[in-house]
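Q: Per the numbering used here, the very first residue in the sequence shown carries number 1; after that it's consecutive.
If you are wondering where the hints come from, they were derived from the structure by calculation, not from laboratory data. Worth double-checking, as some hints may not be accurate.
[As the list claims (entries may be wrong)] Between beta-carbon pairs, the in silico distance windows are:
| # | residue 1 | residue 2 | range |
| --- | --- | --- | --- |
| 1 | H228 | D122 | 43 to 51 Å |
| 2 | Y68 | D253 | 27 to 35 Å |
| 3 | A279 | Q43 | 21 to 29 Å |
[Unchecked claim] The calculated lysine to any residue pairs, modelled on SDA-like cross-linking and capped at a C-alpha distance of 25 Å, are:
| # | residue 1 | residue 2 |
| --- | --- | --- |
| 4 | K111 | D101 |
| 5 | K111 | T322 |
| 6 | K6 | P71 |
| 7 | K80 | A48 |
| 8 | K97 | S236 |
| 9 | K105 | M158 |
| 10 | K112 | R95 |
| 11 | K97 | E294 |
| 12 | K6 | P27 |
| 13 | K111 | G325 |
| 14 | K10 | K111 |
| 15 | K215 | E138 |
| 16 | K97 | K80 |
| 17 | K111 | R328 |
| 18 | K97 | V261 |
| 19 | K112 | E102 |
Note that CB positions come from ideal geometry on N, CA and C, so glycine has one too.
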Amino acid sequence: IYVCRKDGGKYLIVSSMEELRARRESPCSIVTRTAAGFAELLQETGDAESATARMIQNFCGNRLLVPYSMPVGFARALEKTAEVSVDRDTVLSMRAKKTADEIEKIRAVQKKNEAGVALAVDAVRKAEVDENGGLLFEDSPLTSERLRAIMHEAFFRMGLDDKDTIASCGADTALPHAKGEGQLFANQPIVLDVFPRDIETGYFADMTRTISKGKPSDEICRMYEVVHEAKELAVSLIRAGVSGADVHNAAADYFTEKGYVTAGTSGFIHSLGHGVGLAIHENPSLSVRGGILEEGNVVTVEPGLYYPGIGGVRLEDMGAVTEDGFDRFTTFEEELIVV
Numbered sequence: 001i002y003v004c005r006k007d008g009g010k011y012l013i014v015s016s017m018e019e020l021r022a023r024r025e026s027p028c029s030i031v032t033r034t035a036a037g038f039a040e041l042l043q044e045t046g047d048a049e050s051a052t053a054r055m056i057q058n059f060c061g062n063r064l065l066v067p068y069s070m071p072v073g074f075a076r077a078l079e080k081t082a083e084v085s086v087d088r089d090t091v092l093s094m095r096a097k098k099t100a101d102e103i104e105k106i107r108a109v110q111k112k113n114e115a116g117v118a119l120a121v122d123a124v125r126k127a128e129v130d131e132n133g134g135l136l137f138e139d140s141p142l143t144s145e146r147l148r149a150i151m152h153e154a155f156f157r158m159g160l161d162d163k164d165t166i167a168s169c170g171a172d173t174a175l176p177h178a179k180g181e182g183q184l185f186a187n188q189p190i191v192l193d194v195f196p197r198d199i200e201t202g203y204f205a206d207m208t209r210t211i212s213k214g215k216p217s218d219e220i221c222r223m224y225e226v227v228h229e230a231k232e233l234a235v236s237l238i239r240a241g242v243s244g245a246d247v248h249n250a251a252a253d254y255f256t257e258k259g260y261v262t263a264g265t266s267g268f269i270h271s272l273g274h275g276v277g278l279a280i281h282e283n284p285s286l287s288v289r290g291g292i293l294e295e296g297n298v299v300t301v302e303p304g305l306y307y308p309g310i311g312g313v314r315l316e317d318m319g320a321v322t323e324d325g326f327d328r329f330t331t332f333e334e335e336l337i338v339v
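Kindly produce the complete structure, drawing on both the sequences and the hints.
A: Quick look at the structure:
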């Protein structure tokens, strides 16, 4: 249990089993549940949730600010012991503004991310095309699953953990979060959305590229061009003091100007971007509800267009908000057609 007191003290309450690891890995002051009186409170209350609530109240006082996502049952137990207020922004805003050290840690993860994605792109580049248009790599079908495995193995060697990596192809690319399955095909869009976490530091990186083995349809090529332009437009607008909503709306308006209308499940159907840090999605947001950006925010910029029956295109860069612009971490190539 993480506790931040009004006096600035930061504490981690852990079981005795985790004490040594917590002292080694956490910058917080470590308090064991035994030292905090949990065993006595459990004997008194007969209920683990009630005992934990009392332990926190004894440690923190009678006024508590708790996360919006706290489980209802535990929040109710706390309400029996203290005055509880639900926090929507305080803790999240603290995490949203990164220190210089945090920024460099995220930049380092992105560098490793790009090395892993490069192996996937290289596999597509080296793949041969069978009589049905399917891709073959080293004499066996190149599938979404295999492409993910190539990246996963590389990330494992680099100390990264990746889950839910997207490697979709063809019709699946019209579904933004479809992971992709089965053999990849030539002349079809392949969306790689990759967001590994550094096991040691806990920080994420995030990047998306759309590629094709050979030339895809003219419509996909045109979508790619416009998505790239929208991304660069958005990047040019980002700086401290600008609204995330304004940046999102500028990209959305650009798509409309280019004739790509959003309706239902077609068009630009998601937010432009999100914060990245110890969670893959955190504040701030580049969306219709996005607030003011601050120096030190780390955000993605990921416009996309999706049309069932045609396919989808998404490009995503990540960087830090500065007083006068966007410090882009992403250096990976943007090349739709790989041969």
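Q: Under the constraints set out in the numbered hints, which ones does this structure not fulfil?
A: Numbers 1, 3, 14, 16, 18 - these are the hints that the structure violates, sorted from lowest upward.
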